[in-house]
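Once you've looked at the hints, go ahead and assemble the two chains, each given alone in its own frame, into the complex.
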Amino acid sequence: MKLRNILASTALAAGLAMGAVSSAHAWSLKEAAAPYAGTTVDVVFLLRPGYEAIEAMLPAFEEETGIKINIIKHPYENALGEQVRDFVAGGDLDIALIDLVWIGNFAENEWIVPIDKFTTNPDLADPNLDINDFFPLVLNAFGGWNGTVYGLPFDNYSGLLFYNRCMLEEAGFDGPPATWQDLKDVYGPALTKDGKYAYALQSKRNETQSADSFARVIWPFGGSFLDENFRSNLLSAESQAGLQFRQDLMQYMPDGIVAYDHAETVNAFAQGDVAMITEWSAFYSTVVSADTSKVADCVEIAPEPMGPAGRKPALGGFSLAVASQADEDEQAAAWLFIQWATSKANAAEYLERGGVPARQSAYADPALAETYKFIPALVESWQDGVPEFRPRFAEWPEITEIVQEWGTKMMLGEVTTEEGAQILGERMEAVLEEAGYYSGDKPLAQ
Amino acid sequence: MRDRVSRRTIFAFIGPSIIALALVGIAPLLYAGWTSLHFFNLTKLRRVKFIGLENYGTVLTDPVFWEAMGRTFFLLASALPIQVALGLGIALVLHRPGLTLLKTLTRLSLVLPMATTYAVVGLLGQVMFNQKFGVVNQLLGGADINWIGDSTNAFIMIIFWDVWQWTPFVALVLLAGLSMVPGEIEEAARLESKSWWVVLRYVQLPFLIPGLVAVLILRTADTLKLFDMVFTLTRGGPGSSTEFISLMIQRVGFRAFDQGLASAQAIILLIITIVLAQIYIRVFYKEV
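Line order of the protein sequences matches chains E and L. Numbering of the first sequence is given in the numbering used here, commencing with residue 1 and proceeding in unit increments. Numbering of the second sequence is given in the numbering used here, commencing with residue 1001 and proceeding in unit increments.
Chain L with its partners taken away, still in its complex shape (with noise of 0.2 Å):
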């Protein structure tokens, strides 16, 4: 059988993926890695040169980088946990049986607020949460919060955008890992015991495990990426209360035009998201 399919063949296949993998990712990441040990600004091309873990040090004890990697897990830390919560509650109600074309309807529905464009939300996020003339405040009784221009505001502001964006992708992952535990053992798990809490810790956690530990890794890249909704909401400000890790590195590499600089952040970032996958894997798996 394995004689039959010839190397070349195998790499007609696979070979079109590996090319088109290292030409938009691999390639950009070595010259990030190489721009990153230079003193390369955009403006000052005359005076590239090289420079060693200068960059490297200078991020290490930037205290702005670091506030900045602060604020974006304080973010993540504060909406996950809403997320999974409400995504749970949303794909327990819809893991009961009957009302089956509602269910379908709501499902359809899930996927809405992921399909906005993120830089949409923020656009939207202008208007509705305007001061003066915003929808959130006239909901609040005609209320005169100040949310845009308020540090505390906009960040609760950002962390209500990215529930509401990102919650029902974790509920369909938990629906989907809900549909996965076999019916008959889940049927015999309610005959035993009338709590929905026995049920969901000792039958339904076991299944819905992997789909956490994948919502965890997904979420923590999307927030340490999370750019485009808060660049056209908010801008990182006010101040710096919304700047999180990637607008920094935007503004550093493209405003201030520090390429070496934004590179050696953006290779720290990137190792410290393959170090963090690492532990949620091997701490989370352990329990499955």
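So here's chain E without its partners, still in its complex pose (with noise of 0.2 Å):
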């Protein structure tokens, strides 16, 4: 319901700007950016596919607009922490790259601007933005937050089964597991020998323990980690199974798989020593190409696998808002850098170059399907994703932290499914207690 209001409150302001603009002239990126032609736009980029597409692009538009794009570049393990400061000492950011469990952090702190400041400018909001045609659950998920939207989807990831056909036929299997139970069951033993493994689940202490490993086993198996009123729900039976199930399936996972983070598990399977991964769609292009893996020809990709609770695949990806600490003109310069680039008319593009579009128009041709296998799986998990499979809350951060920790003990067998999760549930209970998500001072929003 709440998304449906801020598509249509958004759509709203989006088409009367637009209707205003279009009687009055036809509007153009050229001159819309002509008075801030020379303004520097300074944003983080990530060292990953998307933003590699991106920056090969941004010739173009420096060129049409005499923008400068200033693209600040570092791994996704310092992004926060570089961002944070950066906001909180008044630098020289304008764009907020967001990965969607820090948009709550990000607009509670009012450090980035909604873009209906933008949209509902007649000269810098494009006529042909349309941000309908976004996936709806990734733009309330990347760019929305307690009704407002903040930032537009850029690098956009769905977790998806990559699995290498040529090691499954060769098992004796036409096609991938259906399901968690079979991955474990009957795919494990089978293509565990040799050296081999059947499957590898990236576990490393920092948010891939928390994202990729933690949450993508509780939500299958109808777990969570909070209840409606925001305690613990770790040491429910669903939550306990689908952490059991993790230490289960452990046997058919390479030796010190908690070390393994998405390069290592990528690489992997790009060698040929893993039949199947659950990685994001953004690692697509690194699997399928001969240069950086021995068995592009092999790749197949599907959905993740169902639990008991159904697909309940992982949800990541970036947004982009402007920074409310930039000035006025490079606020509107940022705008127009975050609407060229998330646009419809640069979505194929874009994706050709390796990037992963949120545009729902970008995947109508089914032909697309054939060059990008990873096409209709993708499109299948933005139907039904969980927008907080991770929480979303200012708060993430420190709780992040206690996952990562306790997460990693469990699968170390350091502590059991059911120690891990108590501790984990009483340190997550007490940094929302001192938030005030229990007196009542924060509303309980994801």
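Honestly, the hints are just simulated from the structure, not real lab data. Computed from a predicted structure; not experimentally measured. Every residue gets a Cβ at the ideal spot worked out from N, C-alpha and C, and that includes glycine. Treat the hints with care, since some could be wrong.
Covered, in the sense of this in silico footprint (three residues per stretch, anywhere, with C-beta under 8 Å from a C-beta of chain L), are these stretches of chain E [to be verified]: (1) 165-173; (2) 201-209; (3) 281-292; (4) 390-403.
Within a straight-line C-alpha distance of at most 30 Å, the following computed BS3-like cross-link-like pairs (lysine-lysine) qualify [what the hints assert, rightly or not]: (5) L:K1225 - E:K294; (6) E:K117 - E:K442; (7) E:K294 - E:K73; (8) L:K1194 - L:K1103; (9) E:K344 - E:K68; (10) E:K193 - E:K117; (11) L:K1132 - E:K117; (12) E:K193 - E:K344; (13) E:K344 - E:K294; (14) L:K1132 - E:K196; (15) E:K73 - L:K1225; (16) E:K196 - E:K373; (17) E:K193 - L:K1132; (18) E:K442 - L:K1049; (19) L:K1194 - L:K1049; (20) E:K196 - E:K117; (21) E:K344 - E:K117; (22) E:K30 - E:K68; (23) E:K73 - E:K30; (24) L:K1044 - E:K442; (25) E:K294 - E:K30; (26) E:K373 - E:K73; (27) L:K1225 - L:K1044; (28) L:K1044 - E:K73.
Structure follows, in structure tokens:
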């Protein structure tokens, strides 16, 4: 309901603005950017394919607008800290790069500007912005907070099952597992032999442990981090079933899986050492390129397996939002860049260069699925994902540290799943209590 | 003589150092003291408030803090004896007469590990200790040892790198101590006894004590602030097995953004370091 309200009000505002514009003059990026030519916009980018894709497209934008985009590159693990320090210190960043779990934090601190400031300005709003073209789940989860849209989805992921068709066929399977249970009980024993493993679940002690490992196993089994009262739900039978499943599944994973980050996991798959991984769509270009993958010809993509609670694929990704610390000219220039980078018009080229757009129209052509095998699974995953796959409130940076520590201890067998969930839940609730969720000072918003 | 040096001149020489020290050392320390008395989270700056010693209470009763501290001292207790034993051995070999050119080359090569940036050591470790492609497992006859993903092995790996990087420092300090032994006394001692141990214990060791105390203090301080190498190599994992005290403080301060709590942890760490240094000096200098 909330999502519908966001979309309706944003679309209405955009529509009104567009109507006013179209009656006055035809909008063009070049004319809109003319007052801001020479402005430099500072933005943090990650070292990932989607960012390289837009960077390659950037000269066209800079040439047309005269706006200079200054990209500061960071690995994911540093991106939040660098941005928080910049915003706290009133630094130079004009655009915030927001992982979906940072949106509550950035919005509550008023470090970012709602997009209606720009969509209602006919000089800045592209009549073809068409915000309804974004996948609703993605727009809401990546860019929306508490009924307001702040950012437009830019680097978009859904968890997918990457599988090595050749290894599966050799073991007698004609397709990927439909359920997590099958993956463990049927595919696991058959594919784990001769130094090869059936599956790898990236579980390094950083956000990977929380997002890619811990959350990935609790949701499909009907569990969750919190119940409706924001109390820990990790000791529920469903959450425990998911966490215990992960322990049981580890016998079919490479040794030292708790040290595997995305790079190690994708590399193990690309080297043919692992038959299946559940990874972000963003790594598609890596595993199908013969330059970076030995198994490029064998790669197939499917939606993540289903659990007893259905298919609850991992959801992750980034939006771009205008930073409130930027001055008016920088804000306008930043908006023009965000609008251009996420536009319908550029989605096809972004996809071609290795990015994953969140535009529904970009995937409308059925023939695309032949070139980009991940598209059908991706589109399916974005129909019914969980926006709160990881809680998106401002306290997530503290809570994820606790999840990372105790999630890893569970995997290492240093504590049982019950003991770990007990301690994790107590510490998580202490953070939420301190934040004022239980006293009623803060609404139970995600 | 004293009258000829004016106060202004004295201040002109010493003043810049004092100002620089105040700016880069004392001011941040005072600021850390201030934040440690407040609820001060970078992502909740609207809720900054004075909370007295609450952060200190949290730290002192937090088992995770003491586990990290215990882990740090276990690393020190494991690595330092090896460094002293190997360093002393190298120093004694280099102290023997002859092979001047080779010894000079050895002295120069001893500087290399110390000159290698900590973070680079960690990155080297990631490659060398890779379970599948790493040179370490190859040298062990193609062993399949999981170094980075196993708690015990990861700790051993950290000890290895610490020993590799800092044994040369111990060796050079002890070599300097050996060069302080008067030649005639050492020669006389060797004429009196054939036992190298007797010479070492009763003639050379007294000259090595000041160096050993310096090594003890510096290595303790270094271990307590060990961060870069471990951060790039294991990031404190797997689990918490290599989360030493500095990594924990960085995690609290810059990943959970709780600067107040992290400041309290850092100040408690500073106090522990000062107390330890005082104990070392009082206990060991008595024997000189």
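To see whether the hints hold, each was checked on the structure:
no.: 1; hint: 165-173; verdict: violated (count 0)
no.: 2; hint: 201-209; verdict: holds (count 3)
no.: 3; hint: 281-292; verdict: violated (count 0)
no.: 4; hint: 390-403; verdict: holds (count 4)
no.: 5; hint: L:K1225 - E:K294; verdict: violated (42 Å)
no.: 6; hint: E:K117 - E:K442; verdict: holds (26 Å)
no.: 7; hint: E:K294 - E:K73; verdict: holds (28 Å)
no.: 8; hint: L:K1194 - L:K1103; verdict: holds (24 Å)
no.: 9; hint: E:K344 - E:K68; verdict: holds (22 Å)
no.: 10; hint: E:K193 - E:K117; verdict: violated (58 Å)
no.: 11; hint: L:K1132 - E:K117; verdict: violated (53 Å)
no.: 12; hint: E:K193 - E:K344; verdict: violated (46 Å)
no.: 13; hint: E:K344 - E:K294; verdict: violated (34 Å)
no.: 14; hint: L:K1132 - E:K196; verdict: holds (12 Å)
no.: 15; hint: E:K73 - L:K1225; verdict: holds (27 Å)
no.: 16; hint: E:K196 - E:K373; verdict: holds (24 Å)
no.: 17; hint: E:K193 - L:K1132; verdict: holds (16 Å)
no.: 18; hint: E:K442 - L:K1049; verdict: holds (18 Å)
no.: 19; hint: L:K1194 - L:K1049; verdict: violated (70 Å)
no.: 20; hint: E:K196 - E:K117; verdict: violated (54 Å)
no.: 21; hint: E:K344 - E:K117; verdict: holds (21 Å)
no.: 22; hint: E:K30 - E:K68; verdict: holds (14 Å)
no.: 23; hint: E:K73 - E:K30; verdict: holds (27 Å)
no.: 24; hint: L:K1044 - E:K442; verdict: holds (13 Å)
no.: 25; hint: E:K294 - E:K30; verdict: violated (44 Å)
no.: 26; hint: E:K373 - E:K73; verdict: holds (29 Å)
no.: 27; hint: L:K1225 - L:K1044; verdict: holds (27 Å)
no.: 28; hint: L:K1044 - E:K73; verdict: holds (26 Å)
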